[in-house]
Amino acid sequence: MAAQDEGSIGLVQVSDAYWRATFDLPPLNIFGPPNIPQLDEIVSSLESDTCAKVVVFDSAVDGFFLTTHDDFLAKPEGSARFPAVRSGLQALSDIFARLSKASVVSISSIRGRATGVGSELALATDMRFASREKAVLSLWKVGTALVPGGGPMASLPRLMGRGRALELLIGADEVNGDMAELYGYVNRSVPDDQLDGFVDALARGICSFEKQAIAEIKRTIRLNSLPFFSG
Amino acid sequence: MAAQDEGSIGLVQVSDAYWRATFDLPPLNIFGPPNIPQLDEIVSSLESDTCAKVVVFDSAVDGFFLTTHDDFLAKPEGSARFPAVRSGLQALSDIFARLSKASVVSISSIRGRATGVGSELALATDMRFASREKAVLSLWKVGTALVPGGGPMASLPRLMGRGRALELLIGADEVNGDMAELYGYVNRSVPDDQLDGFVDALARGICSFEKQAIAEIKRTIRLNSLPFFSG
Amino acid sequence: MAAQDEGSIGLVQVSDAYWRATFDLPPLNIFGPPNIPQLDEIVSSLESDTCAKVVVFDSAVDGFFLTTHDDFLAKPEGSARFPAVRSGLQALSDIFARLSKASVVSISSIRGRATGVGSELALATDMRFASREKAVLSLWKVGTALVPGGGPMASLPRLMGRGRALELLIGADEVNGDMAELYGYVNRSVPDDQLDGFVDALARGICSFEKQAIAEIKRTIRLNSLPFFSG
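Protein chains in written order, with our numbering: chain S, 1 to 231; chain B, 1 to 231; chain Z, 1 to 231.
Treat the hints as calculated values from the structure; they're not laboratory data.
Don't take each hint at face value.
Below, a list of computed lysine to any residue pairs in the SDA-like style, where the Cα atoms sit at most 20 Å apart [unchecked claim]: (1) Lys101(S) - Asp178(S); (2) Lys134(S) - Asn224(S); (3) Lys211(B) - Lys101(S); (4) Lys101(Z) - Asn224(S); (5) Lys101(Z) - Ser45(Z); (6) Lys134(S) - Lys101(S); (7) Lys211(Z) - Asp173(B); (8) Lys101(S) - Asn224(B); (9) Lys211(S) - Asp173(Z).
Sample of chain Z residues at the chain S side, in silico, Cβ under 8 Å [stated by the list, open to error]: (10) Pro34; (11) Ile36; (12) Gly161.
Every residue gets a Cβ at the ideal spot worked out from N, C-alpha and C, and that includes glycine.
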């Protein structure tokens, strides 16, 4: 599978085991309804591939990890597009749940703004690392009500406790890399010039595990951390 | 509703949506049995008011956020007052549980000593912020056995993990602002001269949400973080 | 009970309430099958003693807290010793579960390398403190699959969230004291020259509690943090 056209989600197989999905939707890396089938195809490939062990999600657009098209933010009750929006959200929610359950380790390498779908995707991946200087996270504040089952944000209190989860969902406008590390939103905040090398080394290390061992470890962690409806 | 008399819990409505409850029980801000109906009335008002969105709990007494009357600390087996103490604790426990479930966001702004009832109240509120220089937290060490259902302290391991919760309950004498932040006891430790402004801005930001959205976000967080008996 | 022979796990009663178990297996503090009955005996003594309130696990071997004999690391499917290894792991798993449930507070004072059985033991104790300069933690990466029920590592996501737990289990080679503190793996990282004094003071403080209160606090914490199969 080669890199796809510009203006989509580029998928590169660094090796049989190590895949990389790069959001390349200039100028603002806005994820919209047309990107749903693209993301669905990538996750389907990860699920069915017998060699894939790790996938890194990152961005090719300066200043933006991944943001959200207004269509997703339209309030259901104020929009004639409600059925389509709702259906899109349901589809996204399913894709995120499948990503969490896949026997592939997924890593978000966050540089630039991650908002809405961007923060949901980051929370759906297994690990998150943020550029200390350039990551800006903000949650999709109406998301909890919109996304069926609470979406990946349901995992927030498990990552950081009730008080901090509530602050991020309802209070904080933006979270930088260091605060994201303090709150446990990301695994670690890494100096920007070391982020790519750090994530690359981690991904290559994961490739040294057997695929079956990865699946079992992910399963054990999931049974002991995610809400029942994600099991 | 105007500020109440000195020597009680002052309640001020900064706006329809933004309330402030200030412990003003000089000289040591000791919470005793007579303060139970006062706190109960405040929480009842918050529950029934159709405009309230956020309440900040703070202190008007230098050096003390909120502490505990000896009557609550009397050991049941060594006290003829057992039924009254037990009843008071049950009433407090109910008030704290209602505060957690209310569709109003509650914030503790902790400056000075928070012990016993003070730490229970802080843990019952949705978020906690501590003065970096002036907050001193200590847990009510026999509380777990006394408070029905474990009380808000039952949420400690969810905030900070089992090891740190046990250390605070059974080991550490006092916790300052920075350690409280490291352990996740408070959302953040804020320099003392910035604490009031920080909390005020956060409270005003929360007022921009619709009351129904606040209630739904709190409900989602609660389902994913609090023990079943707090649901 | 006096200190045991060199080359075993030394048990010293600093006082009736305060016990100390010291791994003294030079030159590398390797825990092997013969050490299982020794650890079993120590935990049995802690369970049955009516005065013991706290036990500190530490090391007498420079550079090593506790490591693991190759026999435990043999892959079941590649070893004729499978039944013995499996049985040893089952026995260890039971000992760790009993330690978690005992009405004695257990503390790991980690200086040097803690790998395999060493990290499992540390996670089974109630609290962990690490030498800032000299602790090196690494997880027994195939452990989750081998240890029945997931072992103490099942508690990792509760201590630090899913993303960090997965990184430690599948990614990070080694964790030093400060990273262990940031991730919540240990309660705190303490400067090496203060570690012994800090843990000693904590242990003596715990001895001031009544044994029954300790048991009740541990029980409340356990109900609110550990997975059901550890209850």
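Status of the hints after comparison with the structure:
1. For the proposed pair Lys101(S) and Asp178(S), the alpha carbon gap of about 28 Å is over 20 Å, so the pair is violated.
2. The hinted pair formed by Lys134(S) and Asn224(S) fails the criterion: a straight-line CA distance of about 32 Å is larger than 20 Å.
3. Under the criterion of a C-alpha separation no larger than 20 Å, the hint pairing Lys211(B) with Lys101(S) is inconsistent with the structure, at around 34 Å.
4. Note on Lys101(Z) and Asn224(S): the hinted pairing holds, with a Cα-Cα distance of about 19 Å set against a maximum of 20 Å.
5. Only pairs whose Cα atoms come within 20 Å are accepted, and Lys101(Z) paired with Ser45(Z) is accepted, the gap being roughly 14 Å.
6. With a CA separation close to 29 Å, the supplied pair Lys134(S) and Lys101(S) exceeds the 20 Å bound.
7. Taken as a hint, the Lys211(Z) and Asp173(B) pair is honoured in the structure, with Cα atoms around 18 Å apart against an allowance of 20 Å.
8. Distance check on the hinted pair: Lys101(S) and Asn224(B) sit about 19 Å apart at the alpha-carbon level, within 20 Å; holds.
9. Distance restraint check for Lys211(S) and Asp173(Z): the Cα-Cα separation of roughly 18 Å lies within the 20 Å cut-off, and the hinted pair is therefore satisfied.
10. Nearest Cβ of chain S to the Cβ of Pro34(Z): about 28 Å, over the 8 Å cut. The hint is violated.
11. Because the beta carbon of Ile36(Z) sits about 23 Å from the nearest beta carbon in chain S, more than 8 Å, this interface hint is broken.
12. For the restraint placing Gly161(Z) at the interface with chain S, the shortest Cβ-Cβ distance is roughly 4 Å, inside the 8 Å limit, so the hint holds.
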